[in-house]
Each structure stands twice: as C-alpha cells, then as structure tokens.
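Engineer: Take the given structure of chain A and dock chain B to it, following the hints.
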Amino acid sequence: MTEASRIVVDGRPMPFHPDDSVALAVLRAGEHPHHGGTICLAGDCGNCIAEVDGVAYVRTCQTPCRPGLVMHRHPAVGAPPLHPAVALDTTTPPPARRISVQRSRAEVVVVGAGESGTAAASAAQRQGRSVTLLDGGQGMEVVAIYAGPTVIVRTPGGMAHIQAEEVIVATGAAELHPVCPGNALVGLVTANAAGQLHAAGVDLGVAVAIGSPPEGVPCTPVSGRLRRFEGHARVTAVVTVDDDGGERTTPCDTVILGLGRAPRDVLSRMAEELPVTVVGPAAASFPLPPAPDAGTVCPCSRVDVDDLASVWDRGFQELELVKRATLAGTGTCQGSVCLPHLRAFIAERSGQTPEPFTARPASRQITLAEAAAGVHVDAFRRTALHDEHVSLGARMDRFGGWWRPWHYGDHVAEYWAVREGVSLGDVSTLGKILVSGPDAVESLERLYPVRVADIRSGRSRYALLLDEGGHLIDDGMILRETETRFALTFTSAGAAHAEMWLRDWIDMWGLRVHVLDRTMSLAAVNVTGPLAGRLLERVGLPAPPRFLQHVHAEIAGVPCHVMRLSFTGEVSFELHHDVHRSVELWRALLANGSDLGIVPHGLQALQGLRLEKGHVIVGMDTELDSTPRRLGMDWAVQMDKAEFVGRSALARTAGLPDQRRLVGLTMPGIAPTEGSPIWSDREVVGHVSSSFTSPLLGHAVMLGWLKRAPFPDTVTVDGRAAAVVRPPFYDPEGSRARA
Amino acid sequence: MLVLETLHGLRVIAAPASLDGVRWSEGTIVLRFAPDEAFALGATEVQIPDEYAIVVHESAFVGSWLTREELADSVLPHIEWPLPERRPSLAQGFVAGVPAKLWLDGDRALLLCAAAYVHELADRLG
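Heads up: the sequence lines are chains A and B, in that order. Note that my numbering has the first sequence beginning at 1, numbered continuously upward. Note that my numbering has the second sequence beginning at 1001, numbered continuously upward.
So that you can see chain A by itself, here it is in the shape it has in the complex:
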C-alpha cells in the first residue's frame, strides 16, 4: 500500500480503496468513524461525523477519500475542541478564509436527482421552464432554503445561492434508526448501508437482520420485535421479543436493520409557506415506528426515552415543547433520526400523531466561512484625508459610519493645541445638505424649532432637529446663503437619516424645495484655537467672518465655504471644500501653522473639549426620548412659532412633571468610565454619558442622566462624591469662541 492511497485517522495511516468514502474506509478497517451508533451511509444521521482536515462535524460517509486526508474522531462526550486559529495578538486579523459565492436565478430548482426528482425535472422542462437539478451525490449539496425562495448549495467550488421561482424537493426517504438499549454500540447498520458495505467488500462477520433484510447480503433474518442490543462497545448479540413475550438472544457481529423508512424532508420542513413542492418518497406518508420505551432517541443531542418521559410528566406534551425542553431534534441531523420516534412517543401517549416540527437552516453542518460567504460587513467610509491621518500616526477607528482619527499619539497635547494655540480637525464626516427653492424658508420653519426666516444671508444659527414626539434626533447649523438657499449641517452619524427626514416632510407638505446631500462631496477642516484667525490670515483670509457668520473665500488657493462657529469652545472656522482639494488644503494649513505649534486633533481630544463646554453629542448623551427640556436645551426651542415638527408634543408635555434630566457632574481626580452608574442614597439614579479628565480644570467633568426626581445636588460615581452642576464647565460666557 502506497502513501498515495492512505488517509490519516487519529494520527494513524489507514488505507482506502478507490471510490471509498472516509466512513467506508474506516469501517473497512474494522473501526467506527464515531464511537458507535447505527451507520446509514446516506448522510442522514450524525453517527459518522468527525473532524476532517480541521473542519468539525463533517459527515464522513459523504466525504470521498483522498490521499493525505486527515480525520480525527470527535470526543465520545462533548463537543470537538476549538483550534487556536490565531495568536493572542488581537490587533492582527487572521488570514481570511474566503468562500466564493455564485449567484444565479432559475425558474425551477429540483433537489434530488433520483427517480422522482428526474421525473419532476423532465416534467418542468416539457413545460418550457428552465430547470436546475441539484444532487448531493453529484457534489451539489443543498443545505438550506430561505425565503425567496433562495436555495443555498454547497459545491466543490464554494457556495451557490440560487433564487428560484419554484423549488421541488425530491430527496427521497431515509431509513429508520433503532431506538432501544444498546443502540449506541458499534456494529449496527441499516439495510442500505449493509448493501453498500457488502458491495465494497467489507466483511460484516456474523450478520443478522431485523426487519426487511437487504438483497444479496449474507445474513440471518431474526424474527420478533427488537428489544435491545448487547455487547460492550461492540455489539455481540441482539435480543428480540416474540409474540408470546419470550426473549430470544442471537449472537452476532453485525446487526442489519430494515426497520422502515421516513420522509427525508428536512429541506421541506424549513420551507413552509414558500413555493416549494415536495414529490416522491419525500412527500410520502410512512408508518411511524413503534413508540420507543428505552434507549437513545436523539443521538445528536443525547436524549433518551427517560428524558422524553420526564418532560412529558412535567407538562411538555406537544412536539415543539418536547423538542425545546429536551433539545431532541436540534442537533446535527435536525431530527432526521429522532423525529419519527418523537412523533411515535407522543402519538402513543396523546392518542394523536403530531405534525413534524420545523427544521432550521442549515440541514448540514457548514463552516462559518461558508455561512458568511457573500455576506459583507458594513462598509465604512474614509475621508479624503484618511491617508494624511495615517501618515501622521493617527490611530484610526470607526465612528458614525466613518474611519476617523481617535488621536495622533497624545490626545492631551492635541487638547492644549486647541486651548492655547491652533489645531486642525477633520470634520469631513459632518452631514451637509443644500436646500433651494421658493419654499425653502417655509420648509425649514416647519422642520426646525428655531426661527429661520430672520436668519440673514451670511449668518447661521444652531438648531435641534426633533421628531413628532419632540425627541431630539439630530442637531447642526442652518446657514443662509440667499433668500431661497440654505446650507444645513448635521451630525456625522445622522446625515443619511436627516436627508430622508427632510425629503419625506418636504414631499408630504408639497413644498417647492430641492434637496442635495453633499456629505460625501464636500470635505471639511475645522481650524480651531485662539490662533486660528492668525493662521487663516496667512492663507488668504485677512478678514475672517465673525461668530456665526459664514463666507465663501479661497483658503490657500482652495475655494472654501468658511463657517465661523465653535464646538471646541475656542475660535473655530470650518472650511468646507471640494473633496479632491482636501489634501492640498490640509497640508497648506499645517505648513503655514508650523511656527504656531499647529497639530491636528482627534476625536478623543475633541470629545473632551466639547464636554468642557457642555455640548451634547446626539446618540451619546441623548436617548431615544430625550426632549429639549430633559437636555436642558429649552433655549433652542421657540414655542411661539406657529408650527414645527414636535411642537404639539412639546406643548402637551410642557406642564407635566419630568423625571429625567441631563446634568453636569464634577469630581476631583480621574474621570470615571462613561456608562458608570450614578448613585444616590444607595440606589442607582442614573448613568454617566460622557466623561473627561480636564487638563485645564484639573478635575473630572461629566454629563450624566438623572432619572429620578427630586434631583440631588450631590451623587456618588465610581465610589466618589460628585457635584451636580449646570454646564458648561469652561468659559460659560462663551467669550473665547466669540473672540
């Protein structure tokens, strides 16, 4: 025997014959591919599953042998061990093991190329319909049918997803497994498996047959009802019961079991309410086996008759409940082995035969790579400055659908650059929408709770965006360009929703307004810090706009929309510009600010800077039902306006007592972790939404939710006393931003 015709089983070489499956080769060697249990060689049960070439739960009877294939038996008890796929370095992703997906469409998919499947395919073809015929024996193994219907197929080259108009399941029938004491021994085979083994030249030893014996296989038929198998590890005898109740013991090496059949209907059981037709034996009604009274019913989940009796006695007397209570039918074969016996068990006790239970995809064990084939993780966007950040040493992370710099190595230095000098922030991710039309003012008056009509061209106003319930869904700036045109900004994470929000309302109101989302068309750089104006003078803006004004100007030769506002608490100018000029602008600003100590700042510094000012971040400091009152932002709502989205809800609830409030908190020392519970009188009364150890103030500042009135003046966070204060914590007059 050459090496070329060996597989390796549990570390030992094992020869195989051409056309052997792995299970057959193991059985030929006188061993069992698992640790016992009836062998069917039809792929119906889990009694031959093993780890093959590193993949667990492989049905070895359906796996052809090939030289060098490595098989490991699963442990007799418990699940196979997980292999250490990667080292403990979690920053380095493991190499991708990608499985390709071939997507296609078909009028008719027929599953099963046996007699009934072939006939169904021919009939469909005669009707002029295109037919795709799939059969596991030909390497096209259907493992699931989803809504669509979409047929999921495992093929030698990867996965195939076929969207069909109709699916015909013609998967035939499976042989029944025995349920009685000793049914986990080695040496039990179904009649069909015995035929295959005999044809392959496997010596069955002294073989006896229970039920219908296979044709052409030397064996001794044994009459009577099956009672138990005897033996230690391997069967040595079968015990049957005659009609008069007498037991008869028949010594043997192999027991061949022709106990009947059941529909091979896993696929059809997962496809109820879909255009799926079942034909042939898969649709047939076979007699149930006798109700089991002892032995393992579900080998996959190791459920025995005593387990069934136990849950039955506790009131779980429907098939689905028995399944859930015992986990019978939830294992590797999805009930192919145990379902007929479970139904027989319930039928005997209840007098009614239950319908089969639902099967869940997949009908076969598939790998995570196969399950994930064709599925993509969310795509995260990069700003035009992404490579600039990386080259500056930024640690990039995902926020609001974008890759953004968290810091450039020292967030405290970045913080001080903003507070004392000048710094750049990439705010390209902000939502940016243009609206234009004769009804632009009217539409914005209805959308925002602030007055819009009195914003003069070249001026801007901060605004909340509320839903119909008066809850905050986003915030940003309204910048007036002309009488009929406005630029709007939104949060990075909220931009896409904000666009839909605007369009939906404007359409519903029938107003004449055009809307253009420019979020991904415009980049934006925030130039911030007390020296920001001096930097802009150097690069072509000798007279920067005043606070809340905006102008169009060339900065370092790049056309920009310059917006004067402030999120950091310092003088700030947002430079909105075409994305393909962004790198040029960024580099010019850094070069011209080098003697001013300019450094870029990341989100870590920005979140602290804005927290010192008490600015909320929507989604971080707000909850789904955060109203302006709860946020302490009533000042941003003008209830004397005739109408705006959310106004009626705010008016209705204005007089009601409120149990929630976003407050400022301060405490000495290092800031507690965001999300920390807030305690008062030994009870949790809220949580911290944002926290920062302020380098300037020398203590911790926080925003947090108190959810119980009356609101205390002092609370405990992280085991330390914290004072409840009214933000902002820094420059409450706002003089620095307006300087």
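Derived by calculation from the structure, the hints in this document are not laboratory data. Fair warning: this is a prediction, and the values are worked out from it, not measured in the lab. Incorrect hints may have been included.
Claimed, not checked - Just some of the chain B residues that point at chain A, by a computed CB distance under 8 angstroms: (1) Val1003; (2) Thr1006; (3) Ala1014; (4) Tyr1052; (5) Ala1053; (6) Ser1059; (7) Ala1060; (8) Pro1077; (9) Glu1080; (10) Glu1085; (11) His1119; (12) Arg1124.
What the hints assert, rightly or not - Restraint ranges, calculated between C-beta atoms of paired labels, are given here: (13) Gly1021(B) to Ala147(A): 23 to 29 angstroms; (14) Leu82(A) to Thr1006(B): 43 to 49 angstroms; (15) Phe1033(B) to His376(A): 21 to 27 angstroms; (16) Ala283(A) to Thr1006(B): 55 to 61 angstroms; (17) Leu321(A) to Phe1033(B): 30 to 36 angstroms.
Cβ atoms here follow ideal geometry from the backbone N, Cα and C, with glycine treated the same way.
Structural biologist: Quick look at chain B alone, frame taken from chain A:
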C-alpha cells in the same frame, strides 16, 4: 485590483420636467440618479429652466469602465439584484455590500461609487 478613478462632472438637482428638457453637449453621459437629480459626466456648464436648481461641480464619485466580461467576472458575483434589460440604463444598489451604481451601455458598463467607499469596493472586488 480594480482601479477606480475620480469622475468629474456636474451634479444637478432640479424639477424633473426641467431636467428632462436639458440639452446636454453631444456625447455627455447623464446619469439620472433620481427624477430630480442628474450627474452629467464631464459637463462643466448647463442651462436649465429652473431658477432654484442646484448645480454643483462634482468630484466625489469614482468609477471604472468595464467590459461585458469584466462585469460578469468581477461585479455580477457580488450583487444580489437583477440588472435591467434595457440599454442604456442606470442600476443602483449594493455591490459587495458597498453602495454603488452601474451605468450599462451596450457592451460596456461604468461601475461607480462615492470616493469615500473606493477602498472598500476595490478591496472587496479584488
């Protein structure tokens, strides 16, 4: 690796009827993203009878022209929606999980997406 290059043109938001009536320069490819929105590749100016129209120079899309074979090999395995039969036509949806568009014209196709997604699309299509 698929190479997607910046596409320059005009992006126009206007009343649908006004957009319908625009006479673009000979050979201009106009991608009608929506009834009120068009992206005219290579265009630098447009006359449109809508005083409130938004007309901006656009350079935030990247694209790559594909042959029929390249489309079949590189893109179709990564989409779960049917391509329109009519030519020319614009199809929009996820390609390999990335929001993208396909301009289908005769034997060729223009695959385009927002520049912010180019790294994802190029990586996923390989």
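Engineer: Indicate, hint by hint, whether the structure satisfies it.
Structural biologist: Evaluation of the provided hints:
Here the hint on Val1003(B) is broken, as its CB sits about 16 angstroms from the closest CB of chain A, past 8 angstroms. At a threshold of 8 angstroms, the smallest CB-CB gap from Thr1006(B) to chain A is about 6 angstroms, leaving the interface hint in force. This hint holds: Ala1014(B) has a C-beta 7 angstroms from the nearest C-beta of chain A, less than the 8 angstroms allowed. Checking Tyr1052(B) against chain A by beta carbon gives a least distance of about 5 angstroms; that is within 8 angstroms, so the hint holds.
Taking 8 angstroms as the C-beta cut-off, the interface hint given for Ala1053(B) holds, the closest approach to chain A being about 7 angstroms. Against a cut-off of 8 angstroms between C-beta atoms, the interface hint on Ser1059(B) holds, since the closest Cβ of chain A lies about 4 angstroms away. Checking Ala1060(B) against chain A: minimum C-beta separation of about 4 angstroms stays under 8 angstroms; hint holds. A hinted interface residue such as Pro1077(B) counts as satisfied when its beta carbon comes closer than 8 angstroms to some beta carbon of chain A; here the least separation is about 6 angstroms, so the hint holds.
Interface restraint check for Glu1080(B): the shortest CB-CB distance to chain A comes to about 6 angstroms, inside 8 angstroms, so the restraint holds. Hint on Glu1085(B) is violated. Least Cβ distance to chain A is approximately 13 angstroms, over the 8 angstroms limit. With 8 angstroms as the threshold, the beta carbon of His1119(B) comes within range of chain A, its nearest partner Cβ sitting at about 6 angstroms, so the hint holds. Annotation: interface hint on Arg1124(B) holds; nearest CB of chain A at approximately 7 angstroms, less than 8 angstroms.
Distance hint check: the CB atoms of Gly1021(B) and Ala147(A) are about 43 angstroms apart, inconsistent with the given range 23 to 29 angstroms. Taking 43 to 49 angstroms as the suggested C-beta distance range, the pair Leu82(A) and Thr1006(B) conforms, at roughly 46 angstroms. Between Phe1033(B) and His376(A) the beta carbons are some 23 angstroms apart, a value that agrees with the proposed interval 21 to 27 angstroms. In this structure, Ala283(A) and Thr1006(B) meet the distance hint of 55 to 61 angstroms, their C-beta atoms being roughly 58 angstroms apart.
A C-beta distance of roughly 53 angstroms is found between Leu321(A) and Phe1033(B), which places it outside the suggested range of 30 to 36 angstroms.
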